[in-house]
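Student: Listed below are the residues making up each chain.
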Amino acid sequence: MSFQGDQRGFIFSLDATLAMLVVMIVMAGVARAAGPEQTYGQHGSLRLERYANDALEVIQLTGALDNIVTFVKHRDNAKAENLARTELRKILPAEVQFKLVVGSENNPRLAVYPSDTGKRAKWNKAWDNTTERATATRMSILSPSGRPFRVLVWIDDALDNAFVDEVTRCTGWEVTKTSDETFFRNEILRWDTAVTPNERYYKAVFIPDAQRDFSAETESGLVMFSLYIGRLVVGGDTMWNDASRDDVWWFWEVLGVDYKYIGRPPQDKRHTGMHIIDDTHPITASPYRVCYRVDYAGEDYYLYVYRPPLLVSTQILAQWDNGNTAGVDPLPWRGIIFRRKYVEGELGRVGTGVLFNMRMAQSAMGADVGKEDWVTLARRAIYWEGETWQFEPVTLYVWRGEEAS
Amino acid sequence: MGLGREQHGLVLSGLALLLVLPAMLLAASCLSVIGIGGGSTSLQALSDKVSYTGCDIERMIKYMENNKLPIDNSTMSALAENYRAATGLLVEILPPPHTVTLARKKLDEDEEFELEATLFGFELDVKAENEGAVIDVELEFGGVEKEGQGTDFTLSIQQDNILVEVIVGGGWVEVRYTAGTGVRGVFLRVRDPRGAAQYLSTVKL
Numbered sequence: 001m002s003f004q005g006d007q008r009g010f011i012f013s014l015d016a017t018l019a020m021l022v023v024m025i026v027m028a029g030v031a032r033a034a035g036p037e038q039t040y041g042q043h044g045s046l047r048l049e050r051y052a053n054d055a056l057e058v059i060q061l062t063g064a065l066d067n068i069v070t071f072v073k074h075r076d077n078a079k080a081e082n083l084a085r086t087e088l089r090k091i092l093p094a095e096v097q098f099k100l101v102v103g104s105e106n107n108p109r110l111a112v113y114p115s116d117t118g119k120r121a122k123w124n125k126a127w128d129n130t131t132e133r134a135t136a137t138r139m140s141i142l143s144p145s146g147r148p149f150r151v152l153v154w155i156d157d158a159l160d161n162a163f164v165d166e167v168t169r170c171t172g173w174e175v176t177k178t179s180d181e182t183f184f185r186n187e188i189l190r191w192d193t194a195v196t197p198n199e200r201y202y203k204a205v206f207i208p209d210a211q212r213d214f215s216a217e218t219e220s221g222l223v224m225f226s227l228y229i230g231r232l233v234v235g236g237d238t239m240w241n242d243a244s245r246d247d248v249w250w251f252w253e254v255l256g257v258d259y260k261y262i263g264r265p266p267q268d269k270r271h272t273g274m275h276i277i278d279d280t281h282p283i284t285a286s287p288y289r290v291c292y293r294v295d296y297a298g299e300d301y302y303l304y305v306y307r308p309p310l311l312v313s314t315q316i317l318a319q320w321d322n323g324n325t326a327g328v329d330p331l332p333w334r335g336i337i338f339r340r341k342y343v344e345g346e347l348g349r350v351g352t353g354v355l356f357n358m359r360m361a362q363s364a365m366g367a368d369v370g371k372e373d374w375v376t377l378a379r380r381a382i383y384w385e386g387e388t389w390q391f392e393p394v395t396l397y398v399w400r401g402e403e404a405s
Numbered sequence: 001m002g003l004g005r006e007q008h009g010l011v012l013s014g015l016a017l018l019l020v021l022p023a024m025l026l027a028a029s030c031l032s033v034i035g036i037g038g039g040s041t042s043l044q045a046l047s048d049k050v051s052y053t054g055c056d057i058e059r060m061i062k063y064m065e066n067n068k069l070p071i072d073n074s075t076m077s078a079l080a081e082n083y084r085a086a087t088g089l090l091v092e093i094l095p096p097p098h099t100v101t102l103a104r105k106k107l108d109e110d111e112e113f114e115l116e117a118t119l120f121g122f123e124l125d126v127k128a129e130n131e132g133a134v135i136d137v138e139l140e141f142g143g144v145e146k147e148g149q150g151t152d153f154t155l156s157i158q159q160d161n162i163l164v165e166v167i168v169g170g171g172w173v174e175v176r177y178t179a180g181t182g183v184r185g186v187f188l189r190v191r192d193p194r195g196a197a198q199y200l201s202t203v204k205l
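Residue numbers (my numbering), protein chains in the order written: chain V, 1 to 405; chain U, 1 to 205.
One or more of the hints may lead you astray.
[Claimed, not checked] Computed list of lysine-lysine pairs in DSSO-like fashion (alpha-carbon distance at most 30 Å, straight line):
hint, chain 1, residue 1, chain 2, residue 2
1, V, K341, U, K204
2, V, K125, V, K177
3, V, K371, U, K146
4, U, K105, V, K371
5, V, K90, U, K62
6, V, K371, U, K127
7, U, K204, V, K79
8, U, K68, V, K73
9, U, K127, V, K90
10, V, K177, U, K204
11, U, K127, V, K73
Note that these hints are calculated values from the structure, not bench results.
Remember, it's a predicted structure, so these values are computed and weren't measured experimentally.
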């Protein structure tokens, strides 16, 4: 067939067809590279990341995360699980599954999936099989994992009791309170036989204000504890009431006080505050600072004059602004004395002592003067410095998938 | 050379070439767009992570302040280590006293450098430009301004217990600040290991 002059059109030659073929192949390749899978790979994972971060942010802002951590601190994992599950299920879409872990991934304190624990094996399998996960992390403060922080406390009046309740509130510590000296003496050096190798049961002993002269045996136990086992924290009239015998001088020395020197200045309205003089120690560290004043009901409660011994390694953390005290002690009276470790502890433990030269429980709870500061300082003093404040992550993993059936 | 009758082949005509060329250009552009898109998505995810981590550290420090937990070197180191382990990011949390290098850059000729930050409530603004062999620096900190020019010099301004220094030498510009013991606050910096995203903040206590 031949084309006439008025018959016009395009001739699609073979080489143009081949060129088009090349074009089609290139375009198809590009289309595949930019296809929905690739787009999803980028934006889907970003969305999943945001689901995780936003969900954790929401439960933090609503206070639910704090409550979950508090339940974990008190080893009430059932309540923590229920709360976490309910809150996260409300926030996340049904097609997004989650795993909330409190603590380290290898040894979690709590792991929560979207449905109850009866399906844990299935959830674990689903979790292992998922190929695309997003993660969000927040930090929380917990006591050392799996090892309760146990404190033995001597209380002999209602104010001491109320003060100890304030100090230990929301800490997760295991507190044993007593006013029976025989029980107290037997508990000080108690062994924890539930762990291997056995170790001492208590990590700290707290005597806010003992109104009695402890027996030589009790004091001997306290000295042993403070030298080799843990933190001994003493305040109030305790040292004054134990000043009657010379044979217990080492009880004084483990608390950083020269046993030859004790005074009791008259109650004086001038002595109404204590100042921090060393803000490098964890007990008085920031937000406290040098010259920070802690109010004290000095007109109602005694304080004492203690002089640190020469041969014992002590650190004065706070002092009273006592002005001219001729005849008692020309130096400022010590407020908080920290006695450092000076012998090797038992089984890797560290023995230290802290002396509060004031009736802090009475000032805080009886007169409501400086309450917040006295509670904070006592709490910090009790907490075993070998176990610094423990931070543990709260991690939320999310992935797309069906609920485990 | 002419083709004989028995020699078959294809001739890529001008029209065919014109069809193929834009297709190639289009394909290259598309691939480039995809690459940039992927990079920006991962950068977005990374910056989200850095930002959320920085905000969470600020929250923790405020929480610790409110609950009178000790904000000292050992506690802050432990906190930073935990964040590092949990997120894989580089985390610095420093209570005073501390010295921090905020930026360090070698300036080529005609290259400019600018840094803006807020340090414990004071606005910091540093501008530097390499003008031939001489580096010209403008430093403003807490409303005080200083200027300097040369190859080897240091500019510094102190506000309260915070000292800011711009150190110039060998073509390098370094911005450094020192917080003294009287400063009530914590410096924090969160970065990804490749330096693509950074969260820098100071928390006043």
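Student: Taking the hints in turn, state whether each one holds.
Tutor: Here is what the structure says about each hint:
1. K341/V x K204/U: At roughly 34 Å apart (the allowed maximum being 30 Å), K204/U and K341/V break the hint.
2. K125/V x K177/V: Violated: K125/V and K177/V sit about 46 Å apart, past 30 Å.
3. K371/V x K146/U: violated, 48 Å
4. K105/U x K371/V: violated, 51 Å
5. K90/V x K62/U: holds, 28 Å
6. K371/V x K127/U: violated, 50 Å
7. K204/U x K79/V: violated, 36 Å
8. K68/U x K73/V: holds, 19 Å
9. K127/U x K90/V: At roughly 49 Å apart (the allowed maximum being 30 Å), K90/V and K127/U break the hint.
10. K177/V x K204/U: With Cα atoms ~39 Å apart, K177/V and K204/U exceed 30 Å; violated.
11. K127/U x K73/V: Violated, at roughly 50 Å.
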